[in-house]
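Given only the sequences and the hints, what does the whole structure look like? Please build it.
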Amino acid sequence: MALLSVIRRWHFRDQLSIREISRRTGLSRNTVRKYLRADTVEPTFKLPERPSKLDIFADKLSAWLRAESNKSRKQKRTVKQLHADLVSLGYDGSYGRVKLSAWRGSSFIDRAFRALRQGGTFRCATRLGVSI
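Just so we're aligned, residue 1 is where the sequence shown starts under the UniProt record's numbering, counting upward by one.
Hints listed in this document are in silico derivations from the structure and should not be mistaken for laboratory results.
Bear in mind the structure is a predicted one, so any value in this text is a computation, not a measurement.
Everything hinted at is true.
Keeping only pairs whose Cα atoms sit at most 25 Å apart, straight-line, the calculated DSS-like set for lysine-lysine is:
hint: 1; residue 1: Lys99; residue 2: Lys71
hint: 2; residue 1: Lys80; residue 2: Lys53
hint: 3; residue 1: Lys99; residue 2: Lys76
hint: 4; residue 1: Lys60; residue 2: Lys99
Right, here's the structure in full:
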């Protein structure tokens, strides 16, 4: 994070006070003081580990997705249909979680090669100056 290096540079090289740094950055004086005392280069934030409602059905969903990937486009079930099947099995989570899990399951490269293998084209748009 560039903010920590800026805070350290302002304090140690430019000799700005902690109060002035907190005014410029919008951070609390205590936060600025904590960042100056810390030996870390970047602050780390603890993310709690939470089980997902989809974890129970993850194996079933991944098996369905593998089976669907071998079918033709017209024979494939949509993710909405897979979500409906999971609901009938007892899943009470949202469709968005299932969609995100299905999307994460098929990586960017896998989707590209799958499209090219089926004789189609794969368009990849990136920002100017960014290459893959």
